[in-house]
Amino acid sequence: MELTIEQLAKKLGGSLVGPGRAVVNAVGPLGSAKPTDVTFYNNEKHREALGTSQAAAVIVSTPVEALDKPQIVVGDVNAALIEALCLFAPPLKGPTPGVDPSAKLGRSVVLGQGVSVGANVVMGDNVRIGDGTMIGPGCSIGENSTVGSHSRLDANVVVYHNCEIGNHVIIHANSTIGATGFGYSFIDGAHRLVPHNGGVVIEDYVELGANCCVDRAKFGNTIVGAGTKIDNLVQVAHNVVIGKCCLVAALAGISGSCRVGDGVVIAGQVGMADNLEIGSGATLTAKAGVMNHVAPGEVVMGIPALEYSKARRVVVSTMNLPKLVEKVKALSKRIEQLEAAENDKK
Amino acid sequence: MELTIEQLAKKLGGSLVGPGRAVVNAVGPLGSAKPTDVTFYNNEKHREALGTSQAAAVIVSTPVEALDKPQIVVGDVNAALIEALCLFAPPLKGPTPGVDPSAKLGRSVVLGQGVSVGANVVMGDNVRIGDGTMIGPGCSIGENSTVGSHSRLDANVVVYHNCEIGNHVIIHANSTIGATGFGYSFIDGAHRLVPHNGGVVIEDYVELGANCCVDRAKFGNTIVGAGTKIDNLVQVAHNVVIGKCCLVAALAGISGSCRVGDGVVIAGQVGMADNLEIGSGATLTAKAGVMNHVAPGEVVMGIPALEYSKARRVVVSTMNLPKLVEKVKALSKRIEQLEAAENDKK
Amino acid sequence: MELTIEQLAKKLGGSLVGPGRAVVNAVGPLGSAKPTDVTFYNNEKHREALGTSQAAAVIVSTPVEALDKPQIVVGDVNAALIEALCLFAPPLKGPTPGVDPSAKLGRSVVLGQGVSVGANVVMGDNVRIGDGTMIGPGCSIGENSTVGSHSRLDANVVVYHNCEIGNHVIIHANSTIGATGFGYSFIDGAHRLVPHNGGVVIEDYVELGANCCVDRAKFGNTIVGAGTKIDNLVQVAHNVVIGKCCLVAALAGISGSCRVGDGVVIAGQVGMADNLEIGSGATLTAKAGVMNHVAPGEVVMGIPALEYSKARRVVVSTMNLPKLVEKVKALSKRIEQLEAAENDKK
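Residue numbers (our numbering), protein chains in the order written: chain A, 1 to 346; chain B, 1001 to 1346; chain C, 2001 to 2346.
No wet-lab data here; the hints were simulated from the structure.
Be aware that a few hints might be false.
[Said to hold, decoys possible] These stretches of chain B come out as covered by chain C in the derived footprint (C-beta under 8 Å, 3 or more residues):
1) 1040-1051
2) 1204-1217
3) 1313-1327
4) 1331-1343
[To be verified] Pairs of lysine-lysine residues, derived as BS3-like cross-links and limited to a Cα-Cα distance of at most 27 Å, are as follows:
5) A:Lys-310 x B:Lys-1329
6) C:Lys-2010 x B:Lys-1327
7) B:Lys-1329 x A:Lys-329
8) C:Lys-2034 x B:Lys-1329
9) A:Lys-345 x A:Lys-333
10) B:Lys-1345 x A:Lys-310
11) C:Lys-2045 x B:Lys-1329
[Said to hold, decoys possible] What follows is a list of derived Cβ distance ranges for each label pair:
12) C:Ser-2332 x B:Ser-1309: 34 to 42 Å
13) C:Lys-2093 x B:Tyr-1308: 48 to 56 Å
14) A:Thr-62 x B:Ser-1309: 54 to 62 Å
15) B:Leu-1092 x A:Asn-292: 50 to 58 Å
16) B:Lys-1010 x C:Ala-2089: 31 to 39 Å
17) B:His-1293 x C:Ala-2341: 29 to 37 Å
18) C:Gly-2297 x A:Gly-98: 33 to 41 Å
19) B:Glu-1307 x C:His-2293: 46 to 54 Å
20) C:Lys-2093 x B:His-1293: 37 to 45 Å
21) B:His-1293 x C:Lys-2011: 35 to 43 Å
Note that beta-carbon positions come from the ideal geometry of N, C-alpha and C, so glycine has one too.
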């Protein structure tokens, strides 16, 4: 796709400051944008990079003074950036609509309109797929499971039986939904698996990364709430309930039966004990080891995780601990001297 | 499946206290059980929840006094719970016995009786599969590898060549058994892969989660001992030997050539240096970074991991470190005053 | 393969010390080598084990005195070990050359000479595969992506569209290359995915473990530099640039837009904040939580990561913190006594 800057400004609903004749065909960041790229500017600390950027034009929220470059002024740079990236997305053929002849569908499978089922897909009995949904090659969907409309399962995703995946959901390649959770009872000298009669519910607009695991529940359902976005290699254990619009970064692990509120941010490599309650709006910073409930809006850090300001004091004082050791040594000497002086007097 | 409480008590080998006519069709936990669920009670701290539970009946180990609900008294609540969950498991058709026509089997493949081989399975030459074993769709099993009897490989599991998987083993979807380990020698300015001539042995009754990796050995075998259960997204490196009946939780990593005893518990996100000896019955608590051998029965915690009581003292004193800093500051002032007094005397 | 010790010495370009008639057919480590194994010795701390090893012969770099065993003296034990392991590798049929009839190739796919395409492979339009490359069963390669010559993608690897994989690359089973990165903008109360118009470049001689994820870039490419080796279950986020000849161990996570130099060692379960610069030759020790840029050659440790010697002092003093607490308590008492003495005088 090629557009003049003027055309692009119109499509983004923005107003143009400067000449609009030049043609752009891609989006690039300030530092590496080419002369045929449009770039974007949403952070004053990049003002210098903006000055030297080779981009043909820049998307801004307020006109930048003394800038020798066409500017497209929009209400929300991030939203305009998403639109521009969609406009200039590399052209792809995408998946072919219809069911690939190599796909193997069980009995009573129901497919909506415009569904695409890739090569070598396997679906059990009673699977239902909503309108416009794309099931990538090599996916396996267990009996009685459903995928809503306008969703996308990429290659080799495995969904076990009795799982419910909503509308506008994206699940990236090699992820596993509905494997049995890690629940054992030690009986007669052996770990015996507790049957997992429950399922998984992935609500609308959830996006799951590649090679993720969401385990099925023992009872009821493991739930990932609407609009929640999960990165790669994340573990969501059995009976976890994640609220709406959360963010979960890579390699995080959410243990069994944890209840995570809405809008929670779980950073990379976070782990947590099971059965915890994480309040809405909480933030668990990277690598936190969460051992206790977290209040709504609270930010926690560290292993074990503490409230942020407390954790910060602990971290700072730990970093300075070698100095403290020296200080105590010095104090000890001064006390010895005082004691010696005191003894002299006796 | 529907049963009267009386019928259920009989099936569980329990004795009934209270009326047995009502019908139940599922198991539910105390808090969310429906009026057609049987629930279970094995922890006094849930006594209040038991009182208000809507469940039709409860499985207990000793009769609970003053409870207005039928009770099924059994010897072991956990064992009865497993039985009840099996009884009320959602009915599934399960995999079809026989070999799916799309499966591609190498030469001299030997399949036991009642084996189910799913769609698009690929097996190399000389693969042998024991009686009653189910190979899920999209699995790939390399030449000379064997899977024992009554085992289950879920969809898209990959087993490389020369691996040996025992009886009654479960491997969840998207796991990888027998990839080459991470072993390199730096020669002439490049990392050169050390060939891994060894294999993997997964013993009987092992259960492996989804998206796990068990690497093949350089020499001999990487071994996962009988009855060991491994959660999702776990890394077992080359030449590791894990004993019997261990538990390994999600996102843990067991480094090359570690020898883990029997009955070891490795919690979530644990990591360890290579070549370590972890004694039988040891526990590595969540997120531990184990740098040294661990004695049998020992519990270790922290990064670097220390013996539990020692680690606890370190953690507690670290949490209180900001107070210690204040205390030292105050002591320092008092010493200054003492010194000033001392100087005045001179 | 069976060889006399003499034949083996010749093949390894080594000189033989001792008799050469005995036959060996495998390589084994000192402790567990059988009488038909050749073993290797490259570390003096194993001198005792060498004395008791059952191996028929040993590969050494300098002749060991008073050793009752044939020795093959070579310039580089590690290099000779690799050669010996190749010689004695278990014989495998390996993948069949040619395209399996069940593979599904898009339009304008170009395959080099001697390519092997396994069962159920799916390739989009315009995919190009270089000479001698093997694509394992169940792999999916998106449109416009390329794989160079003499590379190997093991079973069920997924490569998305517009990715570029070099020559002599190995990607182990169930890994995912080119999934969309974890980039969202919060707009009108929802996390909206930022389209990822970029791709992934995996350079020559890279080896990637099983169940790894390398996300595609928003702009430009996520790059893994030539000769870099990555273990299992590793996350490489969008727009990361990894240099040449790095090592990245299992369960590590490299966050968005990090720039990692050449020869960097990233140990297991390391995590890092996004947009960091890790200098060439740096080492990030196991479980490090890297929050800041790391200078070339620097070794960092801990959460948050500090320069090694500094981190070591912090760790050691933290381990001794309970003692420091006691010490401060004792000092406090001595100050009290001094103060009491001082008060007595007033």
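We went through each hint and held it up to the structure:
| no. | hint | verdict |
| --- | --- | --- |
| 1 | 1040-1051 | violated (count 0) |
| 2 | 1204-1217 | holds (count 4) |
| 3 | 1313-1327 | holds (count 8) |
| 4 | 1331-1343 | holds (count 5) |
| 5 | A:Lys-310 x B:Lys-1329 | holds, 19 Å |
| 6 | C:Lys-2010 x B:Lys-1327 | violated, 72 Å |
| 7 | B:Lys-1329 x A:Lys-329 | holds, 13 Å |
| 8 | C:Lys-2034 x B:Lys-1329 | violated, 65 Å |
| 9 | A:Lys-345 x A:Lys-333 | holds, 19 Å |
| 10 | B:Lys-1345 x A:Lys-310 | violated, 43 Å |
| 11 | C:Lys-2045 x B:Lys-1329 | violated, 48 Å |
| 12 | C:Ser-2332 x B:Ser-1309: 34 to 42 Å | violated, 25 Å |
| 13 | C:Lys-2093 x B:Tyr-1308: 48 to 56 Å | holds, 51 Å |
| 14 | A:Thr-62 x B:Ser-1309: 54 to 62 Å | holds, 60 Å |
| 15 | B:Leu-1092 x A:Asn-292: 50 to 58 Å | violated, 38 Å |
| 16 | B:Lys-1010 x C:Ala-2089: 31 to 39 Å | violated, 59 Å |
| 17 | B:His-1293 x C:Ala-2341: 29 to 37 Å | violated, 50 Å |
| 18 | C:Gly-2297 x A:Gly-98: 33 to 41 Å | violated, 56 Å |
| 19 | B:Glu-1307 x C:His-2293: 46 to 54 Å | violated, 36 Å |
| 20 | C:Lys-2093 x B:His-1293: 37 to 45 Å | holds, 41 Å |
| 21 | B:His-1293 x C:Lys-2011: 35 to 43 Å | holds, 38 Å |
Of the numbered hints stated above, those contradicted by the structure are hints 1, 6, 8, 10, 11, 12, 15, 16, 17, 18, 19, listed in ascending order.
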